[in-house]
Amino acid sequence: MTEKNEQILDKYDREKGSVISILQDVQEAYGYIPEDAVFWFSERLNIPASSFFGVTTFYAQFYLKPRGKNIITACCGTACHVKGSAGIINRVREELKIPAGETTSTDGKFTVETIACVGACSIAPVFIGNKKVFGKMTLEKASEMLKELDKG
Amino acid sequence: MSDNKIKITINGTETLCNREDTILKAAKRAGVHIPTLCNDERLEPYGGCRLCIVEVKGVARPLTACTTPVAENMEVVTESDTIRKMRAHVIELLLSNHPNDCMRCEKTGDCALQNLSYEYGVDGSRYEGEKWDLPIREDNPFITYEPNKCILCGRCTRICNEVVMAGTIELTGRGFNSMPDTAFRKPRTLENCEFCGQCVSTCPTGALTDRKGRGKGRSYEMKKVKTTCSYCGTGCNFYLNVKDNKVVKVTSAYEAPVNQGNLCIKGRYGYDFIHHPDRIKTPLIRKGDKFVEASWDEALELVADKFNELIKKYGREKVGGFSSSRCTNEENYLLSKWVRCAIGSNNVDNCARV
Amino acid sequence: MSDATNVKDLLIRVCVGTGGLAAGSQEVIDEFGRQLGDRGIEAEIVKKCVNKTGCRGFCAKDVLVDIIIGGKSETYQLISTDKVGRIVEEHILKGEPVKEWLVGPEYHSFHDRQTKILLKQCGHIDPEDIQAYLAIGGYEGAKKALSGKPAAVIDEIKSSGLRGRGGAGFPTGLKWEICSKAEGHPKYIICNADEGDPGAFMDRSVIEGNPHSVIEGMIIAGYAIGASYGYVYIRAEYPLAIHRLKIAISDARSRGFLGKNISGSGFDFDIRIKEGAGAFICGEETALIASIEGKRGMPRAKPPFPAHKGLWGKPTVINNVETLANLPAIITNGGKWYASIGTEKSKGTKVFALTGRIKNTGLIEVPMGISLKEIIYDIGGGCEKNRKFKAVQTGGPSGGCIPASHIDMPVDYESLMGVGSMMGSGGMVVMDETTCMVDMSKFFLSFTQSESCGKCVPCRVGTKRMLEILTRITEGKGKEGDIELLLELGTNIKATSLCGLGMSAPNPVLSTVRFFREEYEAHIREGICPASVCKALRRYVVNVEMCKMCGKCFKACPSGAITWEKKKPASIDKGKCIKCGACYEACPFSAIT
Amino acid sequence: MPDIDTLFLFGSNPTEGHPIVSHWLKKALRKGAKLVVGDPRKTWMARRADVWLNLKPGSNIAMMNGLVNVILQNGWENKEFIAKRTEGFEEIREKVKEYDLDRVEKLTGVSKENIIEAARLYSHAEKAMIVYGLGVTEHRTGTENAMAIANLALVCGQLGRPSTGIMALRGQNNVQGASDLGPLPATLPGYQSVADDKGREKFEKAWGVKISPKPGLKSVEMLDECRRGNFKGIFILGEDPAQTDPDLKHVWGALEAVEFLVVQDIFHTETTKFAHVILPGASFAEKDGTFTNGERRVQRVRKAIEPLSGMAEWQVLSRLSTLMGYPMNYNHPSEIMDEIASLVPIYGGISYDRLDNGGIQWPCPTKDHPGTTTLYTDLFSRPGGLAKFIALDHSGSGEVPDEQYPYVLITGRVREHYNNGSMTKRSAGINDVVPEELLEINPADAKQLNINHGEYVKVSSRRGEIKVKAKVTDRSQAGNVFLTFHHREALSNILTSGFRDPITGTPEYKSCAVRIEK
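Protein chains in written order, with this note's numbering: chain F, 1035 to 1186; chain U, 6 to 359; chain Z, 2 to 594; chain V, 3 to 520.
If you are wondering where the hints come from, they were derived from the structure by calculation, not from laboratory data.
Do not take every clue at face value.
To be verified - Calculated cross-link-like contacts (lysine-lysine; reagent style BS3-like; alpha-carbon spacing at most 27 angstroms):
#, chain 1, residue 1, chain 2, residue 2
1, U, Lys-231, U, Lys-318
2, Z, Lys-310, Z, Lys-580
3, U, Lys-221, U, Lys-248
4, V, Lys-29, Z, Lys-310
5, Z, Lys-182, U, Lys-136
6, V, Lys-33, U, Lys-10
7, U, Lys-12, Z, Lys-182
8, F, Lys-1166, Z, Lys-580
9, U, Lys-248, V, Lys-305
10, Z, Lys-337, Z, Lys-360
11, Z, Lys-95, U, Lys-62
12, F, Lys-1045, Z, Lys-315
13, V, Lys-275, V, Lys-33
14, U, Lys-30, Z, Lys-303
15, U, Lys-248, U, Lys-228
16, Z, Lys-121, Z, Lys-95
17, U, Lys-311, V, Lys-29
18, Z, Lys-247, F, Lys-1170
19, U, Lys-30, Z, Lys-480
20, U, Lys-10, Z, Lys-303
21, U, Lys-30, Z, Lys-310
22, Z, Lys-580, U, Lys-10
23, Z, Lys-310, U, Lys-62
24, Z, Lys-296, Z, Lys-84
25, U, Lys-317, V, Lys-33
26, F, Lys-1050, Z, Lys-261
27, F, Lys-1170, Z, Lys-580
28, U, Lys-30, Z, Lys-346
29, U, Lys-318, V, Lys-29
30, U, Lys-311, V, Lys-305
31, V, Lys-275, Z, Lys-303
32, U, Lys-33, U, Lys-10
33, Z, Lys-84, U, Lys-90
34, V, Lys-212, F, Lys-1050
35, V, Lys-33, V, Lys-108
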């Protein structure tokens, strides 16, 4: 931790206005913006942690939680819902051991997010894994999808 | 006219103002009221609430008086049907995302938004749509935060960063979902907050209120007594808010030359001692190793006799008094006079050096 | 081997832009390399720009390959590795081009009506090689500018009549003059490459295709206003552009075009890149400045203008990529030359990203004042499937929709403003009868609303309320008076918002209400979406004549809204139907409408 | 104040001790003022300083002499100002020569580079201001420390112009007023010496009594006399020497010995324990009056509620005096102020009706005088109107660390509490966020003594010991530890030494030697 941070700190050498650049490097280094990293820089630069947080939450690019290697997006449109997407989502979350209230598996391999209708109701339920569309999803196909994505 | 003064026209009346004035300042000098929500003279101009928009001759769209600098011969109109309609519309939008629970709101009677809603005769009812529904935050002894009542004027975050430089809170999020908050929305503790209550002192609505004063009475029920802080030597002024002969709250005196309404944790929240049960309320006379209550007459006669006796027995030089730099000028003067006249020595001193 | 010698100075150009690469251009290049290598043929293979419609606006037909033998050029489209062999055999060796793979006539018509200044070199030079840029007279403009007085440069630009290409169209020379006269040091020049409009990629194309033209432009501008430092604020979403810009900057530095005492002129100037972090609002100059200062990208009220109080409170000029990229040509050829192109008030050319329901989608550069008609029909080739042209949206989320009735209007700043739209950064989205205007304005509103910074009330709450109203209209829950409410909100938001985003956010709605009010009314009163785009307002019915009773729709329906038995036509229960269109897709006989 | 180019903050921690004053300083910083901080502790300001002079406690004079020396060596002094406005320059020029960088570095522990940079920033600034606090005065050399600072300001001519000068941040709300209005053994109200016949006669006439031209005893002396049994009666008004004076055991001895002790206060304190009679005091909310703040601004205190005990101090004193045979009849404190105005020239123009908006800064000799914002603008308050340089020598603290007591204890305040805590500890919330005393100790020292954050430790000096929780922080430098004096449960003044400034009698709260054990 400290070592990574020190490198970033040296790079900007306390130049003014470097908050965003630092956060970009932090996200590069950790995959997201860890709380303690923010407090670490805040302490050294005499820049309030709240400023870092304000910036982090303003720009779409920054994530406050680590996201998985693979991103799965499940459609929650009416059609998918009727065709039982909810059940499949739960199964997927179980298989990936994603803690309740979280979106990312503890091993950090998968992030499961849900979005409103993707407009592909004809092949509902629809999942999108790493930008690839998986239609007419079933419990079985879901596990296959996970294997496929995991292999990469 | 001095070269620092320039002439502008406000609502048809010529007036002199300073070159570096904003339209808002100039109007204030000229005694013209312009409504504002995000303006606080302790802070840099912000231009977020848009209520201070005025018409400036030669400019197509309305300009915000708080951010626009005056210019020689500028012609400003602060009230017109168009302007009033626009302001009303802005207030309406604010109210469309506001709980509008004035009847039980701590701020009622002292709320800028409530007053504007009244003055412009609007509410938010024309817009059904999303309203914030966030829990009240009472995670510390001093400051209660009701996000739903926040109008994003940014005054709390600005005073925290511009004036106090505590950096406790900052605007977080974006757009409709932005709100003032601490880093990672953590509770306020001494780690991240000075508890000076400056944010409360500048909040125009009920979003930030003094927790200790909540429910203790409406602003208009309070007798507000302006006085000088009795802690450090800065000499800040503030108002003691008194209800039923009890001090229930301290509020800012923005006109105070020393502190312009700014206060620290002691000045704003260090008042409960006044009514603390430990207060000594009657004279006490030592009987053995105990103290027994006595009347003023009893006690003062005893003290007077005893001192006179000591003086007779040992001489004036053996008696004296200490006063304190906590006491008023009058008391200090009186003590030195008392020692020199009633006792008759120069044995008088105080802790002024500490 | 002998025939290899017959191939006289063979030149092969292949697209390696964002789109080109996606279409596999790198593989194609390698394949050519391998095949020619096997035959021992010497060839220069030029990687050309740029992106999915960059070079010739035809990366829709990627991979595009030019085979130039002895100066004679042929262009192939839709080339993949498996086609390389035959091209080498027949065209390169035997000199007989593979006719059926060559580009068609629309490819040429697409170009003939254009006037290229900025895009001239895009696709012809290797953007990662400063030599290529120098070879075509690169940095001559800068040298010429630096040899004279800054004031002279400003006059030249003033005489050219160049106006800011970022959208508002403020005269560039005037902006510079104000800044050059402003108190304060150091001064800054900022290149605004935060191209956020959906459906706009002009700036990216220019940077990816010809990064040095931007750098040269910044040197010229910097010299004119007396800036010692320049920033390029560019979206992090443009990795290729950033990559090429970095290369270009360090090359320029090593050649002495950046740094101390640039080519002996005594002028010190250097550039650094600041990457955005994902906020559309940072395209607004004061927000952009805040962002470079490491703050939340929230605009502040003007005046004071950046030319007086900008970055770190110092005088600053912000020009967008296209504006800057124009400068070298203007300086080299003179302001008069530039002023000879375009209209009386709008000079020069403008790059547009032509997208939407149009045949030849692409990146085009046209003289100011060209008519919409020419762009849409002569260059764009009209709507796809020859559907009826309905409207074109210019200026992205800040602009408005221009109806077919105005198709003869000239394209320049004033005219566009006149019809409630704007030039904007140059997005042009073409719409036909299958586009729902309510849905369209909802789309743009949802964009601006989600990008509102939240500082000022009208934009923060107002756009939210507008979006909510539009949403309920497209969901068939619209009410009488909604249109009036939209108009009231729109006009007030325009009038009272703090920055350009809020001031222009209502434009898509206001212009569509102005020209297509009946569509809104249809949604609200009849509960119909004329373009049948708004799902909630679609009505699926079985055309009994055409139904072959196969039951595919029955199986496809996710909500059990379809009743069907063998040998009986299906029927749809409106109550249960969730209007997902599954049956419509499933029906082999298009009996469902 | 915000137009300062260089702010030199010395021995003061305004963000804790004077939060609202610190707002002004912060404003100056935001406007780009350079900041030099002289403080052994890494305070909020020190963390943000352009130069932090992390001097050893007690090395103030060496520090100042060193800075002056650097300035003279480099010819950075303001020659015109020195020539026109000062005297005794040669003397100091010679003296500071003894304070070359090597020696100063040794004495103060501050690096040469920082000393030079600080000297440069202060002397080169067009407008530089020095703000100092109790870190300067609460040493046995307090008065000399202040003079040494004056020398620096004079050498650079950073005086008498807006945004320049020397500002002292004083401890208590009415420190200024209390010294102005004469509860002092050697002077009558308004700094009029008892020895001066004319002044004395004025008061004798007004008060109708004879006043001895011989100065009385200082509080310390009274206490010493008590312990020897030579002093018999004391009336203590709103003071808590038994907690806030240094070397408490010494004080307690005295208070036990005195024959008759009357204490008037609003709460029971360490001192009331020794009283024979305790009289209830009235809080500032229960009476009318005035306070005079650090910038000499006389401001109103207004009665918000009735005195809980029925009487305010001014009434009590009047009745007591009358009972003792010297009648005092005042109907309202305003009458006392009118009497003050008639006798004290610097308050001559002050009356309640003039104080309604904002108060008045003395000197304000007449009813129509607007008051005085900057002092010493034209003439210095010495005869002849020239400022005199005073050559000074480093003598260090009265007690320095040794093997037995290896650490230097610095005492001071935290923002949340005030003095003996009798008020703040009884204010809801404040005591919740800062419930107890904490010993600030540097991580290195803590490691060496293997003390963990939050552990209880024993702090002892030659005069006694206390138990407190440790707060491991780099605010304290290695070798120094810090305590407040707000908490009755941990009376830090048991530890502090009895050394005092010979002129003012101010105790050396800022430096004594202690030992720390688990």
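**OP:** For the pair supplied as a hint, Lys-275(V) and Lys-303(Z), confirm whether the alpha-carbon distance does not exceed 27 angstroms.
**Re:** 66 angstroms, violated
**OP:** Take the C-alpha atoms of Lys-318(U) and Lys-29(V), compute the straight-line distance between them, and say whether it is at most 27 angstroms.
**Re:** 60 angstroms, violated
Original post:
Taken at face value, is the distance from the CA of Lys-315(Z) to the CA of Lys-1045(F) at most 27 angstroms?
Top reply: Holds: Lys-1045(F) and Lys-315(Z) sit about 25 angstroms apart, inside 27 angstroms.
Original post:
Between Lys-12(U) and Lys-182(Z), does the CA-CA distance stay at or below 27 angstroms?
Top reply: 25 angstroms, holds
Original post:
Is the hinted pair Lys-10(U) and Lys-303(Z) satisfied, with a Cα-Cα distance of at most 27 angstroms?
Top reply: This hinted pair holds, its Cα atoms lying about 23 angstroms apart.
Original post:
Given the hinted pair Lys-30(U) and Lys-303(Z), is their alpha-carbon gap at most 27 angstroms?
Top reply: Distance of about 17 angstroms is within 27 angstroms: holds.
Subject >> Distance restraint between Lys-275(V) and Lys-33(V), which requires alpha-carbon spacing of 27 angstroms or less >> reply: Outside the cut-off at roughly 51 angstroms; violated.
Original post:
Is it true that the CA of Lys-30(U) sits at most 27 angstroms from the CA of Lys-346(Z)?
Top reply: 39 angstroms, violated
Subject >> Pair hint outcome, Lys-95(Z) versus Lys-62(U) [Cα-Cα no greater than 27 angstroms] >> reply: 76 angstroms, violated
Subject >> Holds or violated: Lys-84(Z) to Lys-90(U), with C-alpha atoms at most 27 angstroms apart >> reply: 68 angstroms, violated
Original post:
Are the Cα atoms of Lys-231(U) and Lys-318(U) separated by 27 angstroms or less?
Top reply: Status violated; Cα separation ~47 angstroms.
Original post:
Regarding the pair Lys-317(U) and Lys-33(V), is the alpha-carbon distance no greater than 27 angstroms?
Top reply: 64 angstroms, violated
Consistency with the previously given hints fails for numbers 1, 2, 5, 10, 11, 13, 16, 17, 18, 19, 22, 24, 25, 28, 29, 30, 31, 33, 34 and 35, ordered from lowest to highest.
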